[in-house]
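So the protein sequences, as listed, match chains U and D. Sequential numbering from 1 applies to the first sequence in the working numbering. Sequential numbering from 244 applies to the second sequence in the working numbering.
Hints listed in this document are in silico derivations from the structure and should not be mistaken for laboratory results. Any given hint could be a false lead.
Where chain D lies over chain U, by a calculated footprint (3+ residues, C-beta under 8 Å) [claimed, not checked]:
no.: 1; region: 65-79
no.: 2; region: 87-95
no.: 3; region: 106-113
no.: 4; region: 118-124
Listed next, with one range per pair, are the computed distances between beta-carbon atoms [unchecked claim]:
no.: 5; chain 1: U; residue 1: Glu202; chain 2: D; residue 2: Arg282; range: 39 to 47 Å
no.: 6; chain 1: D; residue 1: Thr271; chain 2: U; residue 2: Ala87; range: 43 to 51 Å
no.: 7; chain 1: D; residue 1: Pro1303; chain 2: U; residue 2: Ala87; range: 36 to 44 Å
no.: 8; chain 1: D; residue 1: Leu1317; chain 2: U; residue 2: Ser157; range: 26 to 34 Å
Small disclaimer: the values here were computed from a predicted structure and weren't measured. Ideal Cβ placement from N, Cα and C applies to all residues, glycine included.
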Amino acid sequence: MTALQIEPRPAETTGSPIIEINNVVKTYDAGSHQVRALKGVNLSVERGEMVAIMGPSGCGKTTLLNCASGLDVVDAGTIRIAGSNLAELTDKTRTTFRAHNMGFVFQTYNLLPVLSAVENVELPLIVSGVSPREARERALEALETVELRQLGHHKPSQLSGGQRQRVTIARSLVNRPEIVWADEPTGALDSKTADDIMTLMETLNREHGLTFVIVTHDPGVGARCNRIVQMRDGLIVDTEVPR
Amino acid sequence: MATIAIVLVSLLGVALLTVGYLGLSNPTMFRFGLRNIPRRGLQSVLVVVGLALGTLITTAAFVTGDTVDHSLTKDAYALFGRQDLDISWNGEPEYFSDTGAAMRGEQVFVDGAVVDALEAAFAGDEAIEAFQPMLRIAAPVTNLRTGDAKPAIQLSGVDAERLDRVGGLTLTSGERASVTDLREANVYLSERAAADLHAMAGDGLTIHLGDDTVHVRVAGVVRDELASGVLGMSFSSVAGGLVLPIETLREMAGLEGGEISAVTVSLRGGVRTTLGSADAAAGRIRAYLDGEGAGLFTQTGGLPAGQPVEVLTMKKDLVEETQLTGNFMTTIFLVLGMFSMAAGVMLIFMIFVMLAAERRAEMGIARAVGAQRRHLVQSFVAEGMAYSLLAGLIGVVLGVAASYGLTQVLLKKVGGDYFSLIEMKMTVTSVVVGYSLGVVITFITVVFASMKASHVNIVAAIRQLPDAHAPESKRKTRWKWVIAGVPALIIPPLGIWWLFRKGFGLAWAWILGPLGIVLGVLLILLGKSSETLFPFALGMSLVPLSAAAVARHLKTPARPLWTIVGAVLAAYWLLPGDTHDQLFGKFNADIEMFVLSGIMIVVSFTLIIVFNARMLTSLFRSGEGVKSYGAAMLLVAGAGASTAIGVALGDSADGLGELFYLVAGLLTATALVAGAAARFPSLTPALKMAVAYPLSNRFRTGMTIAMFSLIVFSLTVFSVLLANFDTAFLGGDARGNLDLVVTANQGSSVKDVPAALEESGSPVVAEIAGVGRTTIAGAPVQVSQGGREDNTGYYALIGADDAFFSELGTTLDALAEGYRDAESVWSAVREDAGFAVVDGSVVGISFNEAYNWTAKGVTVEDSRFTPFVLNVTDPSGNARTLIVIGVLKAQLPGATWGGIYVNETAYRELRGEPLYQRTYVRLDEGVNAREAARQVESALAVRGVQAESVQVILDDMKAQNQAFNRMFQAFMALGLVVGIAGLGVIAFRSVVERRQQIGMLRAIGYQRGTVTLTFLLESSFIAVMGILSGVVGGVILGWSLLTSDSFTEGADIAFAMPWPEILLVIGASFAFSLAMTWWPSRGAARVPVAEALRYE
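Given these sequences and hints, build the entire structure.
Put into structure tokens, the structure is as follows:
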């Protein structure tokens, strides 16, 4: 579990926010009417923190994650990641920024079925211009971190759900990001596998100081985070520390 | 055609009634189908375009046939006007040939009194209105105003009163031109002669008749027709005519009085209304000449005894011939269009399968809430029929437009004067047939596709999980279906379905597999016994395909199984023709084999590709330093070796070296891609995905590859065959070492061309290296083949002087066994009156428009044949036996060169003293033949001598062929639209299917350009596989055909690749594919990331 050469960061939070979200508003056009998905959200996440965003369906959790990670743009408000204002970045620089600083884990894994596990993991490095040799080495290290190095040449279809999610976690780590965004990472897994995945994320957070923002419905997942942010109707309504 | 139209309209009616019934019986599912149409506008447009292709192709084929038929028929009616029958004693004129009916042999005159006798005999005939005596003499004419001279204007002497009685001539202005009203020394000039001489009304002309000259004045320019002296259709090269009263012409020509050279017959009715009475009228005249008027032509007319008099239904024959040509064109277009239609059917099938894939979840829900499978079929059929009715209309409009482009632009505008007669025409029947055929084909395909699409696993569909492909199992027997199935076998597909599937519950593989094997074996036996290749080859293909279907059902691994089947099919279909003959015996084959071979070769290549192309991903290596270039370097080495083998082979081994160059090209292209992957590692995942993604859905990728491949294959085979035939038949060696053909009119004073040139002071005489003279084909001799006396016919006999055999060095296409070279053949014919050389038509390697008799059982292989005997009998009864020991170059047009060539002694024995009207000239090395011909004509035109460069004659033929070929190729290229539309449908579908993946790729750092590139590479992979498999299959088949004696009929063709055309096919297909897929690929890059990640 320690193979990944992530620059060591202190396990505890540093006190400096890595994510600063101020008065963010996001409206969707639903054809006949407008849907205000975020109605002025404020949130700050410290470096090395593991935050869960929870709330009922349609409350704006995933929209907040998408906007905060730069996958989507906001209508009003500002989002700063490690000091960079996302609104000031072009699509191209925002994409590069994501490639260098962020990792993503999705409920449906979103692995490319035609590539092997190691090829899936090295993909973010290859597109970032890392040399193929180094990319392969780092991908194998990332797979070792999630204890899947021996299955590196398997195609996603040859892996179980839990193994696939481990591969996506390895992919999210391989570019040595500061933040990993996870949208329902355990949503498609059975409870035992979900528990394993959460243990893995906790370890990465604890040992490598990675910041995790996890959107989830599962109170069990929330309970294992440093902080739970509760949302309802596009607003943050509560924040609690589970332990 | 009318029957076909009725059948198709009935089928269309059935299809519409079916859809109407569906609409009324289940309006909900009907609406469900129709409301899907506007859901994805762009995709719907592509679907309509794809479906319109079938109608486009059929409509274009029929309208082009209409146009050719109409243009030629109109020209035929214009040529004959009111002249319907021909009473001929100078052989059968060939009006449909490129050289027309003029200048064909020595003319024999008869006394015009025969016309009075005929008129008296048929005075009360119900159909015959008039007999027209004609006197035709070719003579040089000079325009005194412009100085232009033509050596052989056809002087047409007509009986003014008789001609005027049936309408006379027509001025170009459309007014009537009466010959009776012509004043002394006035003549009418035909439009063609006026153009040649740059003459107009009022110009003075000099007619040169022997040593005499006569001055006349042009009273007016009349339309080209038989009566105005034009003896061929508007595309022919016949001379123009000059019309004057028959008595005046006789006087000018120094004839003693009464001579005529032809009699035509005008029937009662208009120009276009007499065809129905022609046969009966001709029969009555024949009966009269055989009975009461038996001695008319010999006794009254003075015709030598034994010379046959024929009554020819010339107008009816020519009109029928032109209509046949129109039908032939339609057939050719339909056969060639079958490639596009086959591709179109695949596209329709694929479109509906993909539409079903897109709507899988909602179909699952529909099934979950109680919809039956038939309801889903109904909704798809409703949707499909709406598409196809609209697409049919668009297809008709596009088909007419395509036909216009092909005939009016490619043929008429680009093809030049030869095609000036082409006039656009479409009949209602053609449009109805085109529309109905297109819609009916679409309907049938849609029904089958809908049945396939309606198979959904409800849970998997709703949850968007992959379908589990459990093999079909045996179901219990249902006797009611067995009982119903037995009588239903009268409609085999229905009977088989009911009896075996529904009745006995057998899996399809157990039904179709054994059935295919049995059918295949029966077809093989049928083909073998009838010596017909089509059933034999089809059977040979069905057996492995059917056996594989059974083996697959028995769980044989798919990849090795289908790869082996593909390889077996490819090996069989690409087998060199001669090897096939050796292994399986000789078969007869026709153009339908082109379509079958195309489909089978494409099937074989597609199977090999879809099951093995994934290996290409191993070429894309990165991250291993120099090692990553290993694959590229290996490929380059392979390309180098292939090139080296190609160079080493050169022109030997039947041009096999060219195929090695093609392999080298393919390896080089692959090496470049592998090298790019090594050099730009960020490309590697995209390249791997480009290969792997399409292959993850073999069905639709295979269908698209096959569509492309089929069209590219047809274009490639066509290009290869035409280019090689053009080169072989009309290339440098085609003229057989002859440079000029110089022909003197019958009355010309020029008997010795070099002497006449010398006399005139022409410098060209110094450039002549050799000269030989021949007679020109006159009335035919009767021939029968030695040992096959039942094979008799008529053919031209040509006598030649000694110089023809010894001075010209004419090369030959084939030699009889035992002769070393052409020189030894010519030498034998010169010295021995028992030997002869023939043109290629006699041994079936070329076509003689005038005489189409062919010796049986003579085959030319590797330019050699076994000598054979001809028994020749002149109409006067003289006979002798000739042994054929040589065959002229097949490329030389039969109209000029066709005949049995014998020496002077043999000719004299059979026909009497030869009149040498034709002189062949071999020029010194490097002399410009076209210029030399011009000089000969300028020196001797006024003495009735015409000269043509043989190369120019061949070049003109080549240009005409190329105009036709361009039209055919453009027509076939229409099919590319099918492939491109198919690729577009796949590309759009891929973007929809993989939205989430696109979102993920963008999330982890893929820039928009990289996403576009990834999708473009995927589409490119499919297009490239289709294009290359089509090119490779087409080139190999072309090579195999061209090196087979049974295909080339013994002609020795050195295979050469038409590289520019092949590269154009590859480049254009690929460029259009990229253009089509760029749009959806760009759309993929613009997918909003967050939205894409949410997408389900």
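Check the following: the C-beta atoms of Leu1317(D) and Ser157(U) are separated by a distance inside 26 to 34 Å.
-> With Cβ atoms ~31 Å apart, the hint holds.
Examine the region 118-124 of chain U for residues whose CB is less than 8 Å from any CB of chain D, and state whether their number is three or more.
-> Our answer is that it holds, as 3 residues pass the Cβ test (under 8 Å) against chain D, meeting three.
Go ahead and decide if the range 36 to 44 Å is satisfied by the Cβ distance of Pro1303(D) to Ala87(U).
-> With Cβ atoms ~55 Å apart, the hint is violated.
Distance restraint evaluation - Glu202(U), Arg282(D), Cβ atoms, bounds 39 to 47 Å | Holds, at about 46 Å.
Per the coverage rule (Cβ-Cβ under 8 Å, at least three residues), is the region 106-113 of chain U covered by chain D?
-> Per the Cβ count (5), the hint holds.
Taking a Cβ-to-Cβ distance below 8 Å as contact, does the region 87-95 of chain U have at least three residues touching chain D?
-> holds (count 3)
Taking a Cβ-to-Cβ distance below 8 Å as contact, does the region 65-79 of chain U have at least three residues touching chain D?
-> Per the Cβ count (5), the hint holds.
Could you see if the CB distance from Thr271(D) to Ala87(U) stays within 43 to 51 Å?
-> holds (49 Å)
Checked against the numbered hints above, the structure violates only hint 7.
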